[in-house]
Amino acid sequence: MKIILLVLSLMLSLNLSAETTFIYCSEGSPSSFNPQVTTDGTSNNASGHTLYDRLVDFKEGTTQIEPSLAKKWEVSKDGLSYKFYLRAGIKFAGTKYFSPTRDFNADDVLFSFNRQRIKTHPYHNVGGGRYEYFTSMEMDKLIVDIKKIDDHTVEFILNKPEAPFLANLAMSFASILSKEYADKLEKENHKNDIDQLPVGTGPFIFSSYQKDNLIRYLANKDYFKGAPKIDKLVFSITPDANVRVQKLKAGECHLVIEPAPADLSSLKKIANIRVISAAGLNVGYVAYNTQKKPFDNKLVRQALDLAMNKQSYIDAVYLGNAEIAKNPLPPTIWSYSKKTPDHKFNLKLAQELLTKAGHPQGFEVTMWTLPVTRPYNPNGKKMGELIQADLAKIGVKVKLISFDWPTYLSKSRMGEHQMIQMGWTGDNGDPDNFLNILLSCGSIESGSNLARWCNQDFNKLIDDARLISDQKKRSEKYLAAQKIFDEEKPWSPIAHSMVFRAMSTKVHGYVMDPLGGDIFTNVQLR
Amino acid sequence: MLSLVLKKIFGLFATLLGVALMTFILVRLVPGDPVMLLIGERGADPAVYLEMKQKLGLDQPLPKQFISYLKNISHGDLGESIVSHRPVIEEFSERFPATMELGLLALLWAVVLGIPLGIYCAVYRGKTFDQLMTSISLVGYSMPIFWWGLILIIIFSVKLGLTPVSGRINVLFEIPTWTGFYLLDTLQKSVIETDGFAPFKSALSHLILPALCMGTIPLAVITRMTRSALLEVLGEDYIRTAHAKGNSMRRVLWVHAFRNALIPIITILGLMLGSVVTGAILTENIFSWPGLGKWMVASVTARDYPVVQGGVLLIASIIVITNMLTDLVYIWANPKLQENNH
Amino acid sequence: MKNELIKNLINNLKSNKMGLISLIMIILFFIIAIFAPLIAPFDPTFIHENALRLAPGERFLLGTDDVGRDILSRLVYGGRLSLGIGLMVVIFTTVVGTLWGALCGYFQGSFDTFSMRLMDLILSLPSILLAMVVVAILGPGFLNAIIAVSIVAVPSFVRLTRAQVLVEKNKNYVVASKMFGASHLRLIFRVILPNCFSPLLVQATLNFSEGILNAAALGFLGLGAQAPTPEWGTMLADARGYIEQSPWMVTLPGLCILLTVLSFNIFGDVLRDALDPKLRGR
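Protein chains in written order, with the numbering used here: chain A, 35 to 560; chain B, -10 to 331; chain C, 26 to 307.
Since the hints were made in silico from the structure, they are not lab data. Careful: at least some of the hints might be erroneous.
[To be verified] A few chain A positions that, by computed beta-carbon distances, are all more than 10 Å from chain B:
# : residue
1 : G123
2 : T441
3 : K506
4 : R560
[Claimed, not checked] Computed spacing ranges between beta-carbons, pair by pair:
# : chain 1 : residue 1 : chain 2 : residue 2 : range
5 : C       : L284      : B       : L151      : 34 to 42 Å
6 : B       : A233      : C       : M141      : 38 to 46 Å
7 : C       : A207      : B       : E221      : 36 to 44 Å
8 : B       : V(-6)     : C       : L143      : 20 to 28 Å
9 : B       : D66       : A       : D185      : 40 to 48 Å
[To be verified] Which residues of chain C face chain B? A partial, calculated answer using Cβ under 10 Å:
#  : residue
10 : N33
11 : I35
12 : V159
13 : N290
Positions of the beta carbon are idealized from the N, C-alpha and C atoms, including for glycine.
Use the sequences and the hints to build the structure in full.
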């Protein structure tokens, strides 16, 4: 009898003290908890979306800007001055390692941007000193000064008008860090902690990180946009897409990112699982390192592109859930060029071009394949094998290599590759975000231009487009730029894929982010 | 006896030195710039490159490098992982309990099942059961463990849904670290107060399948060894004498035979540690078990040389020490050996 | 002496059904591996259109894999690769191991002590771990995997040869030959080693199967044969994602490894029983 009572009371107490814990099965480990140095979605989800806020943010589920840490802003007529009025009463989250004594203010904004902007800033070299987004978007050259007008007003002075500037400030790299925390760490000589033990204003608070295994977050009950409806958030890092699905079916995760395409049909049939999808604002591609032979020759690049049977990749790798890409921009973005001719798969023509380029017997080359599932490429290895088989038919012998994700990213930034698989999901719905970061001359140095391609005409077009605010006029420039791209083929664009999420039917309030992020601020479990 | 022990310990240090030398040389055999190898892409910055070169002592002649390498080891500094920038020794101690827990459980079930099976086979030698067991052992011994793990997952996790998919415990439970052995940590007072026995059960259910997989080969080996050790002893004269004196088969078995057969069995157990590490590398990979095996595979794949170097050193040291301890136990249990010093 | 051993072996095989079966399996394995191009219906690396993960059927007897390649052809060529691995491991370890071990056992002294310490050192690491380290140095790849696996198999062979030589060295017939003025070389190669033949042969058989197993393990971990090489271990790694949907992709390569290794292990047992009655009863 006593045992029954004991068991009953245990069960009851379990229910009463039931904190809701939301478990998200992610696809990889973040390379850092500092959104200023990372560009991949994995790291973004783990830091930018959970721990931090920015001056402005995207309205949930859209690419429209709304006020966030800044409650309003004024842009001068010449487009050179942006004045932000900051909200008062926003707190940085207290953690086991830091208790803030003051609210968020202008000092934090200055710190966050100046860290990236000023090379002599005491925190510039902390964490590596490479701020990929900041540099590739040429923010360091664009921003002349950031002025603190008072505790709640900040002014950005630019040296030329920049149409996407506001949209850029909604991106993760513009997250606002705590200066008070930075000062404390500097005194204690623990500066690296700022990226490993993060402090932010965001909806969740960092609790712990077990490398390659788990990230634990606690809900920020004082979050200025409203406390999350879950108490704890766990990222269960599961690189294998099939294992993610198995865990979802077994109830070990509530939501999984990018389930394996092969599992989608069986998942859709299960009653307590929901699968949602959207056209991804993405592109998956293979870049040719134009700084290395033989890819400095345009004919070689064109030849290889002709030899790829891209439809077979769509079938085998994406299981049909994608369309062949012909532009570096996805069809859902404005200024996508419908005029670009469709991809041609023609082995004979490919062989002719290759001979004309001076390689009638072909050559040997290495291709790096993605080690993790990405929204724009669910299986890099398999795609690699397919490309390998296709290119073998024109005498090009491809060796496939891969590395773990953080290493893959860092090595690619150094340009060590010949051919490399990569992709991109748009960060703010602006074409400049694709074309500038991935294909501009300036991005070679910052490492995000994997083709290491610098075409002066292309570059001028996208530079000019940034200065104009009229969307139609900008479009014309981007259309012309895509024409150059199609001719020069620094990449073979492969696919624009649908993005999928699978979740338990208990999950409510989850909205697909067109920019590919996983945002849990408003989810709840019922 | 004491002199033998001292001799063994001296030999141990010599071997450990040899292991350190081996790992030191191995990493320097890798083609490429050792500085870049040991610090990764941070070496792209010339200032950082020079700093690290001096810090790692790579501007010194090789013998001096080795000395400082040894000095560092004695402090517990085995370098930093290129991928995570954390001390190798820290990553090792995080993962060590995971592998130990799994390995011990695997060995436990191999012993608990293997020894009785071996005895049974020896006693009923030649009968159907014995022949069947020999065949099964052979299969178990020849099986690729990574395939066996996948088959087990197909049957028990996927088709029957009996066991969880991966990891050590359901992520819902946050267990304060005490020993690192989840079966023990989940029995802490604070855990039972919050979640009852659910975490313990979760940890156990996560352990079952990988332990089963990892224990298969040791099971096959232990069964065979027990059987042959017992048979050898049973064939000895003093057994026949005891039998002739009128002792029952049972008494003969337990009092005389088994005790003496125990010695080689214990020796085998010590040597099974190598098998545990081998099993760990493959089993952990399949079951996503966050232990040393998975760590080593990931590091080799990522060319994380400090981890490879440090990990190999630590693992080899553990095996060498265990072998020496097993040797000592063997000698202590077998007085005959104490007379002949080899 | 040799004739007697062979007679012994044949007798054993006659009575031991398992032994006979294993011998047949081994012969079959060799045949399939050698005549692979004639037996395999397709090129193992050829990607067939619209043939993704087909179940075993008419056109593709054992189905196709996730990229569209015929599994039967890949298994057959995989057998050829495994045969290659096994042979190279055995040749390497036998040549190096026998020579080294014989020199150790015969001359003893500091060379012997140093070698034994080195062997102990290598053996202090589990074979797969050491193989992984070698691959870490050389880089992943089929050839490097074979080198790694061979290096790992040498120490036990060296020790075995040394032990045998030590035992035989002091026997009468050797001492007699020495007295008759036989040179060291002659003594080692013409007198002593032929009498160590049996245990070395048994060990060689075991090295063959262990070599295949270790190489498959490396392939499975992604450190051995790389795509599109149809190595059995690598095929297993590719099949992991399709455990539920296409179970034949997982079962078949594993079965091949199991059957091959098992056959060699059983045959090794039979050899041991036949060639050296002293080792019987293990």
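Beyond 10 Å on every Cβ pair: is that true for R560(A) relative to chain B? 17 Å, holds
Please check whether the beta-carbon of K506(A) is more than 10 Å away from every beta-carbon in chain B. Non-interface label on K506(A) holds, nearest chain B Cβ at 43 Å vs cutoff 10 Å.
Range hint 40 to 48 Å (beta carbons of D66(B) and D185(A)) holds or violated: 46 Å, holds
Go ahead and decide if the range 20 to 28 Å is satisfied by the Cβ distance of V(-6)(B) to L143(C). Given range 20 to 28 Å: holds, Cβ gap about 25 Å.
Taking the closest pair, is the beta carbon of T441(A) still more than 10 Å from chain B? T441(A) not clear of chain B: closest Cβ-Cβ about 5 Å, inside 10 Å.
A range of 38 to 46 Å was offered for this pair. Does it hold for the Cβ distance of A233(B) and M141(C)? Holds, since A233(B) and M141(C) (Cβ atoms, about 44 Å apart) stay within the stated range.
Assessment of proposed distance window 36 to 44 Å (beta carbons of A207(C), E221(B)): Distance hint for A207(C), E221(B) holds at roughly 38 Å.
Taking the CB of L284(C) and the CB of L151(B), does the distance hold inside 34 to 42 Å? 28 Å, violated
Hint check, N290(C) versus chain B [nearest Cβ-Cβ separation less than 10 Å]: 5 Å, holds
Interface hint status, N33(C) versus chain B (Cβ within 10 Å): With a minimum Cβ separation of about 21 Å from chain B (threshold 10 Å), the hint on N33(C) is violated.
Using 10 Å as the Cβ threshold, decide whether I35(C) counts as touching chain B. 22 Å, violated
Per-residue hint verdict: V159(C), partner chain B, C-beta under 10 Å: 8 Å, holds
Violated hints for the displayed structure, listed by number in ascending order: 2, 5, 10 and 11.
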